[in-house]
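There are 6 protein chains.
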Amino acid sequence: MSEAGKRLTHLDEHGRARMVDIGEKAITYRCCVARCEVRMARHTLAAITAGEVKKGDVLATARIAGIQAAKRTDEWIPLAHPLPLDSVEVILTPDEAACVVRVEARVQTHWRTGVEMEALVAASAAGLTIYDMCKAIDREMSLENVRLAAKTGGKSGTFVRKGEEGLTLEGGG
Amino acid sequence: MSEAGKRLTHLDEHGRARMVDIGEKAITYRCCVARCEVRMARHTLAAITAGEVKKGDVLATARIAGIQAAKRTDEWIPLAHPLPLDSVEVILTPDEAACVVRVEARVQTHWRTGVEMEALVAASAAGLTIYDMCKAIDREMSLENVRLAAKTGGKSGTFVRKGEEGLTLEGGG
Amino acid sequence: MSEAGKRLTHLDEHGRARMVDIGEKAITYRCCVARCEVRMARHTLAAITAGEVKKGDVLATARIAGIQAAKRTDEWIPLAHPLPLDSVEVILTPDEAACVVRVEARVQTHWRTGVEMEALVAASAAGLTIYDMCKAIDREMSLENVRLAAKTGGKSGTFVRKGEEGLTLEGGG
Amino acid sequence: MSEAGKRLTHLDEHGRARMVDIGEKAITYRCCVARCEVRMARHTLAAITAGEVKKGDVLATARIAGIQAAKRTDEWIPLAHPLPLDSVEVILTPDEAACVVRVEARVQTHWRTGVEMEALVAASAAGLTIYDMCKAIDREMSLENVRLAAKTGGKSGTFVRKGEEGLTLEGGG
Amino acid sequence: MSEAGKRLTHLDEHGRARMVDIGEKAITYRCCVARCEVRMARHTLAAITAGEVKKGDVLATARIAGIQAAKRTDEWIPLAHPLPLDSVEVILTPDEAACVVRVEARVQTHWRTGVEMEALVAASAAGLTIYDMCKAIDREMSLENVRLAAKTGGKSGTFVRKGEEGLTLEGGG
Amino acid sequence: MSEAGKRLTHLDEHGRARMVDIGEKAITYRCCVARCEVRMARHTLAAITAGEVKKGDVLATARIAGIQAAKRTDEWIPLAHPLPLDSVEVILTPDEAACVVRVEARVQTHWRTGVEMEALVAASAAGLTIYDMCKAIDREMSLENVRLAAKTGGKSGTFVRKGEEGLTLEGGG
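Sequence order for the protein chains is U, E, C, Y, F and G.
First residue of the first sequence? That's 7 in the working numbering, and the numbers climb one at a time after it.
First residue of the second sequence? That's 7 in the working numbering, and the numbers climb one at a time after it.
First residue of the third sequence? That's 7 in the working numbering, and the numbers climb one at a time after it.
First residue of the fourth sequence? That's 7 in the working numbering, and the numbers climb one at a time after it.
First residue of the fifth sequence? That's 7 in the working numbering, and the numbers climb one at a time after it.
First residue of the sixth sequence? That's 7 in the working numbering, and the numbers climb one at a time after it.
Looking at chain U on its own, in the form it has when it is part of the complex:
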């Protein structure tokens, strides 16, 4: 497929940043899923998992951080539109074999534009919060592969990233 006809829609014909006009798009159901992995030392994951069993606050705090950040995406991302959200869900899954916490953020809305950035911001903020809470014992943690895993709704339809085929996208109203 030729990319020649596509443009960076956030720049006007003079290359200047602008917030894209979504006024003529339809209000429809849209859902986006973003993912990343927080890579860490084995002892760090063990400390989180032990915490989870007993008290849960590392992952509970990261979940809240992701949800709150999604709501404020238009403050992180200069050209993002302010928009209402139907739901935000942040799922954190420790994977001891891979020595990571898997982060998945799902955001749904009925609006004129998609929620890719809301999902990516939620996943990033949740991942960074895990970093913050564990940095005293592991400075070398990293966020890996922050990505849009899937989206549905809008004119461009459904997209599932290569390697994320297992994922289910719930239907909407």
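Treat each hint with caution, since some may be false.
The list makes no distinction among identical chains, and a pair is therefore deemed to hold if it is satisfied within one copy or across any two copies.
[Unchecked claim] When the alpha-carbon atoms are kept at most 25 angstroms apart in a straight line, the in silico SDA-like pairs for lysine to any residue are as follows:
(1) K141 x H20
(2) K168 x E146
(3) K141 x R108
(4) K161 x D101
(5) K141 x E110
(6) K31 x E43
(7) K168 x E43
(8) K31 x D144
(9) K161 x A32
(10) K141 x L89
(11) K141 x T119
(12) K141 x A56
(13) K141 x A104
(14) K31 x E19
(15) K168 x A52
(16) K161 x D18
(17) K141 x I97
(18) K168 x R108
(19) K31 x H116
(20) K141 x D18
(21) K141 x N151
(22) K168 x T158
(23) K161 x Y35
(24) K31 x G21
(25) K31 x V166
(26) K31 x L89
(27) K168 x R78
(28) K31 x P90
(29) K141 x T99
These aren't lab readings, by the way, just hints derived from the structure by calculation.
Given chain U, work out where chains E, C, Y, F and G should sit, using these hints.
Relative to chain U, chains E, C, Y, F and G alone:
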């Protein structure tokens, strides 16, 4: 080195989240550098680079996004302290061979606690803003290896992550 | 009525916090009224009332504080939805017999979910602002009985709290 | 035209501030254009223009500042409604003859109330950001004639300020 | 004690609101403790407590809400100063006999002014978040007796409210 | 005086936006005064003035808006430093002869950098709030001559703009 004596300082003795007390720490110079790479298709990087030569707004917008996000780190990261900053710098370097934009955020302060999270938030917000501005032509971009590259100042002294040895940390007042 | 079938809708089946999905709810008129009393020493109420007659800024500032806080409810309350508001009204009534300022916040919207939290946040912020402005002369002030007085609209219909029967709920569009 | 029948709608019958109820207004297309001029010394404008040709960051930063401020209008302006925006555009035009940078902000929405304040806030924030970035070389800059140049949509229809007749207002959905 | 000599320091000599000048106050250690009770039906408290044992997210979310709100006190309370914080702690204690959750917020700083409002805002936001998360099963919950329980530091010294004598105020740097 | 040696300190040697490093500047007393005039129709000023006598909420709301905006200057102005403030005062003076409301904002701090932008943001937000509250009766209002009237403190010493010589700058700690 045994990790047994270390603790997740953001949890109290009952595992509950809290903002760590920094009241007895000294106000000293602190500098942190965070890095990530924004991986993208070759045509996406070409579109950004062409823009940069002519008008610059993709990278200019991402730089501003990173600087503004650093200032609001305590809103994204629930247990981060509100603190003043001396400077924030976001350096974006397109690397055509690797097909990435390299993101580096440097944050300096004179305060009672470090600015690891400010640097990581700045790098993430700058990277996500590049994603936002280019997502119309490349949905499969990703942020790779969001990490603390180096820090100096504070009781724990200077840290340079493995693989980041080339980096210079400016001195402070 | 049995409460057994009800659930904490802000927790998923594993007890994890989430923002409830409102995507299938109808956009309808909704109005909520919250109330509290700011209890204070007689001389404090006199100082406010004298101020009101002459200049008005204690109550004027508290009214603005309540209106502005209502707009930012989703920042105070982690799982609250970001949503548009039709109106916010904060009514402050000094009651010299009871030695309180009565605070009433009314919030209206046309949206998929109610504005209970917006009304409660507005009433609390207005009350706390009165505390702030008078704390130099009366540290022992308190906010009493911060409560949802009434709501209308949405699937659950109209609710008037016991003891608040006098209250009128305006009709909406 | 008599002004006697008009009222300050942001005050209730007792003169108390309130957020006007827009619940019965129709959701329609609305567009507002605000303008101001940033007056400066000749050498300051030359420094900006030289920068624009080579790198662009003064005006690029001011454009982003205007767009971001528009999104947060309801935080700066106490009685403004929180509302979604379709688009924000900030156009900055150096005018060497007049020794000013002309600032124009265009904001569009489909909502129950107009976006006058969003456009005025965007123009002001862009102008103040130019001040900030150049104040080291010119403290005597000023913002002149911050004004609503035109609006369309809503019950009151189209308005074009005297002296702004040349301006085109794009149509909306 | 005569109150005649005291004034509402947030009003100038004409009764106009202002942010009090703290420039000549010393930077010293200051700690404030605020408290309130969230009154609820027995079945609501049981649902929270059961959650706490198994997963903890109602109270974990409320703790985070309180901590985050404390950091943003100067946004909710118009005349509050923006200031750095050393620590924020929110302690939530279900009391089955009294059918309440007891909320205590402790805030410490080294600054030119006290943190009364930060503690009160944290306690209120934590209490309102409990309301939010449980309102689907209990609309009649209320926040009772939101109060400053104690403070230390600053020119006015240590204050312990009547009825709060048991409370310990930790020392600071 | 030659301007050749001066630079736009908000741009690095490549013209890229950055937050200037203030780490080596001394913490000293600094005060800035900004001013503007809100020009309006005679009947608008009469409505405000009548309001002021009886209830005061237009000017009271504008004062609060200015104070709150000053605290959040680093959100409006991308490269402004987050910093603590000692005081903010907004003085609004209706001038019937000139048919304007005169706006003056005074901001004081002890910090490493000046508060020019805080004063300018406060004056602008207060002026725009007057516009917002009166726009239903007068769309043609404008903000005129938003300017830094005076500053004191910091390495560059005291500055009083031409035409503002009458102004007194209070001393600080």
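Of all the hints numbered above, which does this structure not satisfy? Sort the numbers upward.
4, 6, 27
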